[in-house]
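Trainee: Based on the sequences and whatever the hints tell you, model everything.
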Amino acid sequence: MTTIQEREVALVDLIDRLLGGGVVVAGDITLAAADVDLVYVHLRALITSVATAQEKGLLPHMGSAV
Amino acid sequence: MADELARWAGERAPSLLARAEGEALAVLRDALVAAALDRPREGRPPDEPDPPTAKRDPPLAKPGPPPPTGEALWAYGVSRADAPRPEGLSGVVPSAPVTRVEAGELAALVSSVPLAEFAEEPLRRNLNDLTWLGRVARAHEAVLERALSTTAIVPLRLCTIYESEESVREMLEREQDAFVEALEVLDGRQEWGVKLLVDPERLAEEARSRSSEAAALQDELEGRSGGSAYLVRRRLERHVREAASSVAGEVAEQVHARLQDWAIDAVSRRPQNRELSGHEGDMLLNGAYLVEAERVDGFRELVTGLEDRYRSLGARLELTGPWPPYNFVPHGGAAAIA
Numbered sequence: 231m232t233t234i235q236e237r238e239v240a241l242v243d244l245i246d247r248l249l250g251g252g253v254v255v256a257g258d259i260t261l262a263a264a265d266v267d268l269v270y271v272h273l274r275a276l277i278t279s280v281a282t283a284q285e286k287g288l289l290p291h292m293g294s295a296v
Numbered sequence: 031m032a033d034e035l036a037r038w039a040g041e042r043a044p045s046l047l048a049r050a051e052g053e054a055l056a057v058l059r060d061a062l063v064a065a066a067l068d069r070p071r072e073g074r075p076p077d078e079p080d081p082p083t084a085k086r087d088p089p090l091a092k093p094g095p096p097p098p099t100g101e102a103l104w105a106y107g108v109s110r111a112d113a114p115r116p117e118g119l120s121g122v123v124p125s126a127p128v129t130r131v132e133a134g135e136l137a138a139l140v141s142s143v144p145l146a147e148f149a150e151e152p153l154r155r156n157l158n159d160l161t162w163l164g165r166v167a168r169a170h171e172a173v174l175e176r177a178l179s180t181t182a183i184v185p186l187r188l189c190t191i192y193e194s195e196e197s198v199r200e201m202l203e204r205e206q207d208a209f210v211e212a213l214e215v216l217d218g219r220q221e222w223g224v225k226l227l228v229d230p231e232r233l234a235e236e237a238r239s240r241s242s243e244a245a246a247l248q249d250e251l252e253g254r255s256g257g258s259a260y261l262v263r264r265r266l267e268r269h270v271r272e273a274a275s276s277v278a279g280e281v282a283e284q285v286h287a288r289l290q291d292w293a294i295d296a297v298s299r300r301p302q303n304r305e306l307s308g309h310e311g312d313m314l315l316n317g318a319y320l321v322e323a324e325r326v327d328g329f330r331e332l333v334t335g336l337e338d339r340y341r342s343l344g345a346r347l348e349l350t351g352p353w354p355p356y357n358f359v360p361h362g363g364a365a366a367i368a
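As you go down the protein sequences, you meet chains X and D in turn.
In terms of this note's numbering, the first sequence opens at residue 231 and continues consecutively.
In terms of this note's numbering, the second sequence opens at residue 31 and continues consecutively.
Treat the hints with caution; some may be incorrect.
Among the chain D residues that face chain X by a calculated CB cut under 8 angstroms, a handful are [stated by the list, open to error]: (1) Pro152; (2) Arg199; (3) Met201; (4) Val359.
Stretch-level coverage of chain X by chain D, calculated; a stretch enters the list once three of its residues show a Cβ under 8 angstroms from a Cβ in chain D [what the hints assert, rightly or not]: (5) 242-255; (6) 259-270.
Just the calculated beta-carbon pair ranges, DEER-fashion [stated by the list, open to error]: (7) D:Ala245 <-> X:Ala256: 53 to 63 angstroms; (8) X:Ala256 <-> D:Asp217: 18 to 28 angstroms; (9) D:Ser275 <-> X:Ala256: 19 to 29 angstroms; (10) D:Arg339 <-> X:Ala256: 38 to 48 angstroms; (11) D:Ser342 <-> X:Ala256: 22 to 32 angstroms.
I should point out that these hints are in silico values taken from the structure, not numbers from a laboratory.
Even glycine gets a Cβ: it sits at the ideal position worked out from N, Cα and C.
Mentor: Structure, rendered in structure tokens:
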């Protein structure tokens, strides 16, 4: 079992909860569903390009540090 | 030679890293442009220009209204008004302390944020800066975790922002019943996350060993060669793939059911995309569980026990928590990254 308590939580886990969960109440400024989707698009693009850089040996492997 | 290489690599690492980051950002920008073109934002008139995030020009080079000035209130979560007050907590903007806005029996945790950074347009732009997003998300999480150590709290989704204290108060009054009810459910309970990861090859082996049809196809294969052997092999492979997927579903269900029995409430979320999470193996389960605080030790033991039980599949159970109860609030916990 891997327990992550004193955690350096992966950003993905955090975003997943902070944008995918929590109470959505009306605010003067809030995110639209499209904004949340765009964050995921963004995250995916970044991570894909980091993975490519790793494959090419440009970057050390970072485990789940992203 | 090797030493020289290592030294060279060491010296070059920072610039290579910077270059890779630059490339990553270029890819990102392309994706954002594509996304912005594909899907016009909600509520935006068609003749309005694309948001600044979709442009390659730096924001300063763009004509347009000056950035908004003044302050707004970023809201983190809601607790009871008789809960301990936050002390020495800094918010998403480190210089602004976390304070409370009270209304009736409820209190919202808030801190001041500049509109230049957090008004609608700059906010959208900043959301697409992963460094900014990471910093803000961790700050939001840290405030909730600190508050959580002393009281039950209902977390709000990231980027819930109000113009004034009055506006926060109105929200608390409007949502009072839902918050009071949620806080009752959350009292003395914790959210824990459990992910089940397995080794896909061992999963396939297990599926094959359980299947009589796989054995029959294997026998059939023995006596054949050439084209007919090829066809049987293809059938066998397809069968094993299907069987593996059904074993995966079964195992995920069994693990989730056992954890759910121990918990007050449970949510099975979509397994994360490997590209995003960087996990090894196949993620069969991405669950969230609301557990009585005094039963958490037992929950841990259960997780360890389940990992042993599915060791033949190379199973790993990853336990995270306690989390602010993002998945156990009204209307919360719908989506997950896939």
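Trainee: Next, verify each hint and record whether it holds.
Mentor: Hints, verified against the model:
1. Pro152: Given a least distance of 10 angstroms, the restraint on D:Pro152 is violated.
2. Arg199: 13 angstroms, violated
3. Met201: This interface hint holds because 6 angstroms falls under the 8 angstroms limit.
4. Val359: Since chain X brings a Cβ to about 5 angstroms from D:Val359, closer than 8 angstroms, the hint holds.
5. 242-255: With 14 residues in contact (Cβ-Cβ under 8 angstroms with chain D), the coverage given for the stretch 242-255 of chain X holds.
6. 259-270: holds (count 12)
7. D:Ala245 <-> X:Ala256: 53 to 63 angstroms: At 60 angstroms between Cβs, range holds.
8. X:Ala256 <-> D:Asp217: 18 to 28 angstroms: At 26 angstroms between Cβs, range holds.
9. D:Ser275 <-> X:Ala256: 19 to 29 angstroms: 42 angstroms, violated
10. D:Arg339 <-> X:Ala256: 38 to 48 angstroms: 46 angstroms, holds
11. D:Ser342 <-> X:Ala256: 22 to 32 angstroms: Because 50 angstroms falls outside the window, the suggested range is violated.
When held up to the earlier numbered hints, the structure conflicts with 1, 2, 9, 11 and fits the remainder.
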